[in-house]
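S.K.: I would like the entire structure built from these sequences, with the hints used as guidance.
Number of protein chains: 2
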Amino acid sequence: MRDEGEDQAPVRRGRPGYDQETVLRRAIDLFNAQGYDATSMGDLARELGLSKSAIYHHVPSKETLLSAALDEALDGLTAAFDTAVDADPGGDAYQRLRGVVEASVHLLAEHLPAVTLLLRVRGNSAVQLAALERRRAIDEKLTTLVRAAVDEGTLRDDLAPEVISRLLFGMVNSLVEWYRPGGPVAADDLARSVATLAFDGLHPR
Amino acid sequence: MRDEGEDQAPVRRGRPGYDQETVLRRAIDLFNAQGYDATSMGDLARELGLSKSAIYHHVPSKETLLSAALDEALDGLTAAFDTAVDADPGGDAYQRLRGVVEASVHLLAEHLPAVTLLLRVRGNSAVQLAALERRRAIDEKLTTLVRAAVDEGTLRDDLAPEVISRLLFGMVNSLVEWYRPGGPVAADDLARSVATLAFDGLHPR
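In the order they appear, the protein sequences are chains E and U.
For the first sequence, the numbering used here gives the first residue as -8, with consecutive numbering after it.
For the second sequence, the numbering used here gives the first residue as -8, with consecutive numbering after it.
Hints may be right or wrong, so weigh each one.
Same chains, same label: a pair holds when it works inside one copy or across any pair of copies.
Claimed, not checked - List time: in silico SDA-like cross-link candidates among lysine to any residue, alpha-carbon distance up to 25 Å: (1) Lys132 to Ser184; (2) Lys53 to Met32; (3) Lys53 to Glu38; (4) Lys132 to His194; (5) Lys132 to Asn164; (6) Lys132 to Gly67; (7) Lys43 to Tyr9; (8) Lys43 to Leu15.
Calculated directly from the structure, the hints in this document are not laboratory data.
M.R.: Structural data, given as structure tokens:
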């Protein structure tokens, strides 16, 4: 790829082969591979075969890319949550909770790189702290739903709702360690397996 | 702390306040806080208030510390496994599996920093690759036990044993993200909660 440092195209337009979406995908993969803090704009430029000045025509800063990636994961998780809740508005909290868990697995499978990046964020900047705050809000919604299911008698009441909520998301999040799209386990089967294990248990009834 | 760079004490003896065990604990905490790759022997010396030359009287290399930490976690996991299996030699695979899951939670709670470090290892050196190989062997033992429980009819047979095994360890491993000794959740309760969710399920029978 030739050096296009002289190109004065608007930042958001992108260019053939390197539209904004492609730049974001490659950036997320690079952040996941070598760590966000350890990745420089120079590294990203090299990865894309661009000069260090050309990369700034595509993205104003590394943090813009991080922010877009974290929003992708968090917007997706929020939507997965809302869809599962809206799908059965008159239904019980148990079915909504089960739907949220399955939808979270699907979201993770479809946005694996962005979710992986989200789960590694430790709060080293305002953007990262804002993402952690959004994660906390989603966790709280989950705990509220768990509590509602316990209250309606459809979820066992001998475990703390906060612990249940953490174990559920902990199990879902752990999928980033081994699940790979196109691998031997399909996302549908995985969502069903997670929900079956968590709600029905491994011991046959 | 004064510079003790001139001290020619044998490597393994340690010194008042900085025996081998203390150096290892502080090193593990530092590796977890700022990443193993990003931590230099100079950082560790600074953390301990030692000079860069004095630190080499305590430890021959950074990798020696990593190796000791990974062995601590892996030996512990192996022992937790063997103890749970030995506890009930004539018992069924189901009880052994449930025992292994509970014992793994206890091991994680008691050796949280070493286990946290183990879970972050990505295989960037011979020591790390050897640790990943030991992890894989433990995973395989777990999958074998899951399969034995399915075969004896004490574990549901509509989920793949490999997936069950990954979900179980995924849930246990996710505890490093939030469990803290002395925090609101006791290790005993946590071990029971994990086993209850996984084997009995959240939906009341």
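S.K.: Could you tell me which of the numbered hints above are not met by this structure, giving the numbers in increasing order?
M.R.: Hints that this structure does not satisfy do not exist here, as all of them hold.
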